[in-house]
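**Student:** Chains as they are written, first to last, in the working numbering: chain A, 1 to 113; chain B, 114 to 225.
Don't take every hint at face value.
Only some residues are given here: those of chain A computed to face chain B with a beta carbon under 10 Å [said to hold, decoys possible]:
(1) V4
(2) Q6
(3) S33
(4) Q37
(5) Q41
(6) L43
(7) N56
(8) F60
(9) G62
(10) F64
(11) A99
(12) G105
(13) V113
Simulated from the structure, these hints should not be mistaken for laboratory data. All residues carry an ideal CB built from backbone N, CA and C; glycine is no exception.
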Amino acid sequence: KAGVTQTPRYLIKTRGQQVTLSCSPISGHRSVSWYQQTPGQGLQFLFEYFSETQRNKGNFPGRFSGRQFSNSRSEMNVSTLELGDSALYLCASGSTGGAYGYTFGSGTRLTVV
Amino acid sequence: SQKIEQNSEALNIQEGKTATLTCNYTNYSPAYLQWYRQDPGRGPVFLLLIRENEKEKRKERLKVTFDTTLKQSLFHITASQPADSATYLCALVMDSNYQLIWGAGTKLIIKP
Numbered sequence: 001k002a003g004v005t006q007t008p009r010y011l012i013k014t015r016g017q018q019v020t021l022s023c024s025p026i027s028g029h030r031s032v033s034w035y036q037q038t039p040g041q042g043l044q045f046l047f048e049y050f051s052e053t054q055r056n057k058g059n060f061p062g063r064f065s066g067r068q069f070s071n072s073r074s075e076m077n078v079s080t081l082e083l084g085d086s087a088l089y090l091c092a093s094g095s096t097g098g099a100y101g102y103t104f105g106s107g108t109r110l111t112v113v
Numbered sequence: 114s115q116k117i118e119q120n121s122e123a124l125n126i127q128e129g130k131t132a133t134l135t136c137n138y139t140n141y142s143p144a145y146l147q148w149y150r151q152d153p154g155r156g157p158v159f160l161l162l163i164r165e166n167e168k169e170k171r172k173e174r175l176k177v178t179f180d181t182t183l184k185q186s187l188f189h190i191t192a193s194q195p196a197d198s199a200t201y202l203c204a205l206v207m208d209s210n211y212q213l214i215w216g217a218g219t220k221l222i223i224k225p
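Excised from the complex, chain B in its bound form (with noise of 0.2 Å):
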């Protein structure tokens, strides 16, 4: 079957460390993948975008990676902050169609 999985549990982190989120899926051939922060009661704000032939996407803090022989995607924070605390989703984004297939998210928790 198809799915898409991030950890399920919340990570904690200690300001200044290096937060590392994983996003893994099956049976899907994504044309891109998409990493989302949403805060509680809000919608979520995109982040990053990186492509099926990319390999790395940086943005300042931020550094996403792809790897489609292992189906997976790495979320990295760098120097992490406590306001950098929020739930993180990424997305599945078709080729055939356009749809977004999305992950339940990993809820982050940055500690001073």
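Only chain A is shown next, with the shape it has when bound in the complex (with noise of 0.2 Å):
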């Protein structure tokens, strides 16, 4: 079955921007959830969808915003960027709660210059 999906894998982007990252899930997955990671940094955890409605979200400004569509694909939004924001941002994919391990996309490589 196809894994996780995830566009753009690479994006350069200039201070004060904005951007969208997309990821398409495991077919039946319903859970989205989104991470941040740094080099050096372990896994920052953004926000997670379920079922088209946020079920838990990290310590991240209001300027990082998502949202999940009917067909489960998700949407990541990061307004008036930061050089800060350069990151990895990576996206799992999972069933009804933790039971079973979450697919991860390849990531998007997101450059603020």
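Can you join these two chains into the complex? Each is in its own frame, and there are hints to help.
**Tutor:** If you want it as structure tokens, here you go:
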């Protein structure tokens, strides 16, 4: 079966711009989580959507937002980009609860210049 | 305060030996604990999950133990190979809201 698809793979943006990242989960999975990872840092949880509702939220400013569509695809938006937003953004797809592992996409490498 | 800890320093193991990684946590009561492998520039890959009422889980050369009294999980790779070199992450899954709490990961280096 197809894995988790994240687009685009690489992105370069200028400070102050906004960006939208996309994630298509594994068919049948209703949970989509987003993470930020910077060099030397662990996974920083952004938010999780389940059946179009935000179920959990991490400690990120309001510039980071997301949504999930009825087909479970999810988008993440970052407005007013800052240099510190440069990171690998990962999306993880899962079924209900945590009784099964999550499948991650390859990520989107965002560089803010 | 609540926290989850993994060995912050890299773990160097000779090929063929057993590698043991530790995940300790405080002030959590997880329903499950998961282990992932991450290679540089890639997303984590799920390896094993163990439930709170399970003591041990095995998958090929991998073994995970879970001690809810000690609040500790051990992850073992037997007959280690250079291809096992990667960063290994543990994650707690909270039963209340299914949120994952991640450790920072331990870098494992298997030397030929």
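**Student:** For a quick check of understanding: which of the numbered hints are violated here, in increasing order?
**Tutor:** 8, 9, 10 and 13
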